[in-house]
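> The residues making up each chain are set out below.
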Amino acid sequence: MNPLQSADYIRILPEIVLTLFGMAIMIADPLLDERRGPKILGLIGLVGSLGAFLATLYQSRFPGPAFWGMVQVDAFSVFFHLVVTAVSAIVILTSLEYIEVQQIHAGEYYSLVLFGAVGMCLMSSATELVLIFIALEISSISTYILAGFRRRAAISAESSVKYFLLGSFATAFFLYGVALTFGATGSTNISAIAQALAGSNVPLLAYVGIAFMFVGLGFKVAAAPFHIWTPDVYEGAPAPVVGFMSTAPKAAAFAVLLRVMFEINAPGRIWLIWIAAALSMTLGNVGALVQNNVKRLLAYSSIAHAGYLLMAFAAVPANGIPAAMFYTASYAAMNVGAFAVISHVAGAGERYVTLQDYAGLGRRSPLLAALLTVFLLSLIGIPITGGFFAKFYVFSAALQANLVGLVVIGVLNSAVGAYYYLRIIVAMYMREAREEIPIASVPPSLGIALAASLLITIYLGVLPGRVLEFASQAVADLSHSIVAQMP
Amino acid sequence: MSTGTLDGAILTLVTFIPLAGALLLLFLPRRDRDIRVFALVVTLFAFILSLHLPVHFQRTQTGFQYEVDRPWIPTPNIHYHLGVDGVAMWLVVLTTFLSPLCVLISWKSIHERVKEFFILLLILETALIGVFVALDLFLFYFFWEATLIPMALLIGMYGHGRKVYAAVKFFLYTMIGSVFMLVAILWLYSHTTPHTFDFVAIQNAIRAGQVPNFIGAAQWLFLGFFMAFAVKVPLFPVHTWLPDAHVEAPTAGSVLLAGVLLKMGTYGMFRFNLGLFPEQSRANATWIMVLALIGIIYGALVAMVQPNMKKLIAYSSISHLGFVVLGLFSFTTAGLEGATFIMLAHGVSTGALFMLAGIIYERRHTYEISEFGGLATPLPVYSSFFLFIVLASVGLPLLNGFIGEFLVLSGTFEARPAFGILAATGVIWSACYLLWMYQRVFFGKVTHEVNNTLPDLDFREQIALVPAALAALVMGVAPILWLNSIAPAVQAALAPIADLASKVTGL
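Chains as they are written, first to last, in our numbering: chain A, 14 to 500; chain P, 2 to 508.
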């Protein structure tokens, strides 16, 4: 066994940076006074996630395996590291104001965001199922606690407990799947498993193992039929946290799913995916139609988007992987942006989160309304926004795999989806406010968060080429490792 | 090319000048008057530039002109490919012609959120022009969808009555129709080698039989495109969004909706259904023509009994657009040329009718026909303009409505005599409902005292109406100016269908 080299540490550099800053926040917390403390802690968190972002860029020059093949740095992992760290930076920027308005104790909040990001980053670079499980747990436990952070609100506690109970159940499924796969193949290393399953004689145990892992990951990405928790949890959790947990952990779980499904070349995956995708899109969109609470509405919408994204998994790797990666990135940008607006509008105690509260927002705060409109249009999938190309790539990947039925279900769903996003836009511009709801002026930190989300959303909608190219390179990396394992 | 460098950039300029104007408008201070003047200048500038197109158009040449073709996104292979033939070119000019008139007609009627209104109007203009000039299927879809939002917002924010309902209905109808087109476009993309969205390349690949599995899928692809366009036209029975959208829309919205947006549907049928799927177009022609006939007659009959002036004009659009579809699917030279001509003529005259309806609404805040009567006495200038446009719309010879309907009818008669005869009754109906409406509104005694005090057209309103009236006259007297550049495009569209016909009949 080779001794550890410095390159091994570079290959987990972003995780190290995030952990150090997370711990720094915990240490600094009791030393700072009540008044200025939260701001400073937030800034430390921001520097931490930006540092991890830069560390990832640095790390991308040293691709390769580390820690005896447990971690792998390649274009694929770099892509997801960038998404996760960028999302945490934007979420921290959003939280700076939110924490103050809601009077939440800040200390653990920011460190939990960073620790969660550690888990998510590690999920995308781990190539060993037990390490993936540990990373999944790190990310999950942080988000369980974050969901309950509005301690004074009963609904937030409910959200946290529900998420925790169901989430643990789902992770148990995942772990059981890992154990069964280990039993079937004799290894927990993804490439070794791929090798073992490459032959024509696939043991039944492996099918069951993969299906169990899919259950666990399906829960994390809120795909039907494992989606029941989503609306309640999203409704109760603090708005910036919802922005965080509907994007970053989802992206990470999709990264794991990509590895499990494509790199292992999971047997029998098409039908699993087909059914989950069709169900998620349909249940998500139909559920969203009747929602009156904006957070619940976006919760159902996130189920639907998980469905669109899953379509990519049924395609061939060369089209499916880049399509799925592009989708996670653009969904992250638009959803984080949307929740940034929502957490600002919500006000103290999150009182203003129903559609009626958005009535007349176009008049009261033209800028916020315009921004939210762009994010919602992107969620609908209207051209010149990232959401359009995201759907576009996914649909065309599925079509190239001749899944016409699934694509038709998909486009019909996106037409249905247009309706409920429009309801918000209609409320903002075409309805008169019943009572004047105070809108605080937008602080600079939130302004930066919104500007960043907007720029990324529009950039992905106008010049998607470079990002897609980068994602396609990740395919080469994944398939390279597939080729490399061939005897 | 003798005209030099402008030819390559002209389509880009015409398409994006309104958008650039909209962006500049964002930074203008909220002084309503300046904003209106600025919007007028931008739209006029776009119109003047667009006149370059017909002036330098090579009338004898088939194929697309003023082409630009640059790669935009490498994967998927999307090109920024623009170009026009005779049909598309005139639709572009129609759009740029109507836009300044829309600005003028909205001068006073829009007094709240003025800046947003003109920004939306300018964005809409860019999207509309884009639809007609795009030759890359992706780009086409892009502009197609991009028309939706500004239009829906114009209706929803500046309309009257049940405006929100109308806006959402409009959006959903069009959206659901167009997702089928998206699937068809994606299918074509993924089955061409190398993958391409280029209209010309796909057309050649289909004609050369290089698209695998095309035979089996063609009918579905045809329907995918047709769905999107039929909703837009609108063809019976998917027309129900139109009356709502029209009645609740602000005047400028109605003018662009009737004048240009509906033509997106018929243009799409001409370009994509006929252009890519000649065989399926022929196979499906019968039921499509039947639907068009139902639209002509049903639209006219419903128009007749409308108590609301604007709704009447809206239903008359359904009837007139039925003629266009009928002409397109008659596959005769006369039918196609007539269909194209009606698209332009209807744009001008119905646009003007909506402007006139809007003018009276500004004065009385109602469209109810029963609220008027005897207006000819207090409003002589207004009623003369109205009469002129009504006659143009009815199809009086020497005005623009006549030529198109005549050509379509003769083309249809040539192809299917029975359909021709039935469609001809549509001309009679249109005379009935429009003239009857005119009689009820303008003749007789003034029945409501308040109508006696209404002011006649002011200078701005006359400026807005005169170009439309002039265009109606010139198009009626000298249709050849339009038809000679339309003819090559029509011939190009008909060639594969004629081949097919001779193959089928064994001639």
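Hints were generated in silico from the structure; no laboratory data involved. Worth double-checking, as some hints may not be accurate.
Computed footprint of chain A on chain P; a stretch qualifies when at least three of its residues, placed anywhere within it, have a C-beta under 8 Å from a C-beta of chain A [as the list claims (entries may be wrong)]:
(1) 161 to 170
(2) 174 to 184
A short list of chain A residues far from chain P (calculated; beta carbon distances all over 10 Å) [claimed, not checked]:
(3) L45
(4) G64
(5) R74
(6) I147
(7) Y189
(8) V299
(9) T367
(10) Y406
On a predicted model such as this, the values are computed, not experimentally measured, just so you know. Every residue, glycine too, gets a C-beta built ideally from N, C-alpha and C.
> Each of the hints needs a verdict: does it hold here or not?
Comparing the hints with the structure gives:
1. Counting residues of the stretch 161 to 170 of chain P whose CB lies closer than 8 Å to any CB of chain A gives 4, so the stated coverage by that chain holds, three being the minimum.
2. Counting residues of the stretch 174 to 184 of chain P whose CB lies closer than 8 Å to any CB of chain A gives 6, which reaches the minimum of 3, so the coverage claim holds.
3. A cut-off of 10 Å between C-beta atoms confirms that A:L45 is not in contact with chain P; the least separation is 42 Å.
4. With 10 Å as the threshold on Cβ separation, the claim that A:G64 sits away from chain P holds: the shortest Cβ distance comes to roughly 32 Å.
5. Even its closest Cβ contact with chain P, about 24 Å, leaves A:R74 beyond 10 Å, as expected for a residue assigned away from the interface.
6. No beta-carbon of chain P comes within 10 Å of the beta-carbon of A:I147; the shortest separation is about 36 Å.
7. Against chain P, the non-interface label of A:Y189 holds: every CB pair exceeds 10 Å, the least being about 39 Å.
8. For A:V299, the requirement that its beta carbon stay farther than 10 Å from each beta carbon of chain P is met, with the minimum near 15 Å.
9. Residue placement check: A:T367 keeps its beta carbon more than 10 Å from all beta carbons of chain P (closest about 17 Å).
10. Its closest Cβ contact with chain P, about 8 Å, brings A:Y406 to no more than 10 Å, contrary to its assignment away from the interface.
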